[in-house]
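There are 2 protein chains.
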Amino acid sequence: MAKNAELLIRAGFVNKEMAGVYSYLPLGLRVFKKIENIIRKEMNALGAEELFLSSFHPKENWVTTGRWEAMDDLYKVIDSSGREVALGPTHEEIITPIAKKFISSYRDLPKAAYQFQTKFRMELRSKSGVLRGREFVMKDLYSFHADEKDFETYYEAVKDAYKRIFEAVGLGSITYLTFASGGTFSKYSHEFQTITDAGEDTIFVDEKKRIAVNKEVNNEEVLKDLDLDKKDLVEKKAIEVGNIFPLKTKFSSAFDFNYTDESGGKKPVIMGCYGIGLGRLMGTIAEALSDDKGLVWPKSVAPFSVHLITLGEEGGQAAKKALELHDDLESRGVDVLLDDRSLRAGEKFADADLIGIPLRVVVSDKSLQSGGYEIKERTKSEAKIIKDIHSILSLL
Amino acid sequence: MAKNAELLIRAGFVNKEMAGVYSYLPLGLRVFKKIENIIRKEMNALGAEELFLSSFHPKENWVTTGRWEAMDDLYKVIDSSGREVALGPTHEEIITPIAKKFISSYRDLPKAAYQFQTKFRMELRSKSGVLRGREFVMKDLYSFHADEKDFETYYEAVKDAYKRIFEAVGLGSITYLTFASGGTFSKYSHEFQTITDAGEDTIFVDEKKRIAVNKEVNNEEVLKDLDLDKKDLVEKKAIEVGNIFPLKTKFSSAFDFNYTDESGGKKPVIMGCYGIGLGRLMGTIAEALSDDKGLVWPKSVAPFSVHLITLGEEGGQAAKKALELHDDLESRGVDVLLDDRSLRAGEKFADADLIGIPLRVVVSDKSLQSGGYEIKERTKSEAKIIKDIHSILSLL
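Chain order of the listed sequences is W and Y.
Heads up: take any position in the first sequence, counting from 1, add 1118, and you land on my numbering.
Heads up: take any position in the second sequence, counting from 1, add 1118, and you land on my numbering.
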């Protein structure tokens, strides 16, 4: 089993229902929601509006774009009326007709909309844990522009927003903007690739320039175009944590989606799409930042800020003090996971390491005799005794 | 077309993709999220933990409960491996095996978990707009108990939470706790039914006692049991906005889900389930509270608090003042929908009535000459001039 799934299951973050299908348990959902909010903040700052598009897609929309037959991993379902419908693996076929209803003039442009929605893809092999699922929640953003220049400005702004997102979730230093093929209608698309041995992709990284190219465009012509030197490139395994893609007029042409410009002329709307898989991002953090003891969550996405462990007899002095500390921290808005189970210290410490909350606080008779609480950061090996809550707050 | 769908589509809250399948546009999603947060607050207060269960369900889970064949509206999908899987219409088949992994002793009980997740049901007729969809988001809560008494206490607590939820979204006065059949293994289940002519259900209401019975249990025996008198009952059309259901040991028995009690004996876990459809609740508010001019949102779930309309020339005095007011309100945390389109006053007022935001504020040369802004509450007919922002804030 993939390391991410093995750890996330053992630590109680997800439950595997079948290959490529996972449920998110309370711990996992807390991480998920924190990632979601980091992304939402950046999407709103880009002026994009949040919406929620359907999972069932009419067949005719997919026939219109030619993808009903062309897309191998499309789930087709027989509806109650006996008709075939698609289970959405992406949402261009839904957002484009909606945008067409609301955009008709240059005055209506630019526009951008995004969602967090489950995607369904008929993956043949689903062996990478939560990294590649048959169902998975994605943030997908779509933008609509009057001309290339406006599109390019927005595309660059999304690139910057993506960098901030991967920085915020703790993957900034190992995530590279990677040039990929733009398909038949665009020079390049861009991926954000996070270096880790579990990666399914191979990329070639210029560590100084902090950019990379993927396998498909690793050729002389592209390297020259990007001013990269073959001998500066290092081959790495990586996970694609995000991609941004110039759709140009592919979907607007298919749906006859045009606008009227200032001189009354009819022009096709220029589109872009921009994706981030939330489960995959969570799985990548699990893969890339964990150690031999378990998960290691960055503060920004940790399910709780403090893992509070009581040792000693039930209802004893340490248990009472721990409960006081718990309530004090919660009243200050600090999320605390309380472990007051009657288990040996070793088991509770091992579980804390496995779950990977940034700060462990132990209240025991021993710690109280030493004058307070014992704290240990997940990424450090030494514990120390502190006297009061302020030393905890300063570490959050 | 059903009134709820007709209004929600025309006002730009939802887009109809096909019968029973809707996308939520930005205005609709704002209402949706407010409803979600009202429900989430009550679920958390019940001590339930939020999680997010998969949409694809293994066939074997449904075979285990006997519902693979018995449930007519189950979507069955052929997976990539050639196997059949179910698209979840409800989640007992997923939550029960998960709960079994984490609950083994009386010390682990009680527990409760809930989610907001899309459900798929193969409805033959989907003619009620967003009230009855082929895909729809539900809040489903599941609770797990050691004995009947503990279950019943929790069940009553959920009943009260549901009352507060329907009160909070503005349907309290027209929503009735309704006794329904408990199936083969329980005396009653309970529905919350909201009175409106668009309702698909028929209920019999005792308006004084504020309870009702549905068609299936409207018989002498039940009326006697509930201390109701046939002549006090009024027949009404209603929409089922929520239901709570004693599952007893139906699913724990199927999955052999037992716990060890204090004396070491093995006992089946007692379960309950509790649902609210979010789209249906939104549609019910649209049906029940709208008037001949359009939607009427209660403050608690309105997409914005203020609908701010500018009249007069672009960039003129009124437009400037409106922008100042907009920024001032937003800086105080008030959500404002700004309509600065170059349209006639009549059109903009009609749109404001259609969208149904509780407070309309107009800034025009005329209002400025009269000394300020013109305000009108959506549920009142007369507008009045106010001098400053504080009169607006006092109405929110």
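Keep in mind the hints are simulated off the structure, nothing from the lab.
For each residue, glycine too, the CB sits at the ideal point set by N, CA and C.
Warning: the hint list may mix true and false statements.
Pairwise CB distance ranges, derived in the manner of DEER restraints [stated by the list, open to error]:
no., chain 1, residue 1, chain 2, residue 2, range
1, Y, S1223, W, K1229, 54 to 60 Å
2, Y, I1503, W, Y1224, 45 to 51 Å
3, Y, K1194, W, E1442, 51 to 57 Å
Verification of the supplied hints:
Hint check: S1223 of chain Y to K1229 of chain W, Cβ distance near 55 Å, so the stated range 54 to 60 Å holds. The hinted window of 45 to 51 Å between I1503 of chain Y and Y1224 of chain W is violated, with their beta carbons roughly 37 Å apart. One distance hint, 51 to 57 Å for the beta-carbon pair K1194 of chain Y and E1442 of chain W, holds here, with the actual separation near 54 Å.
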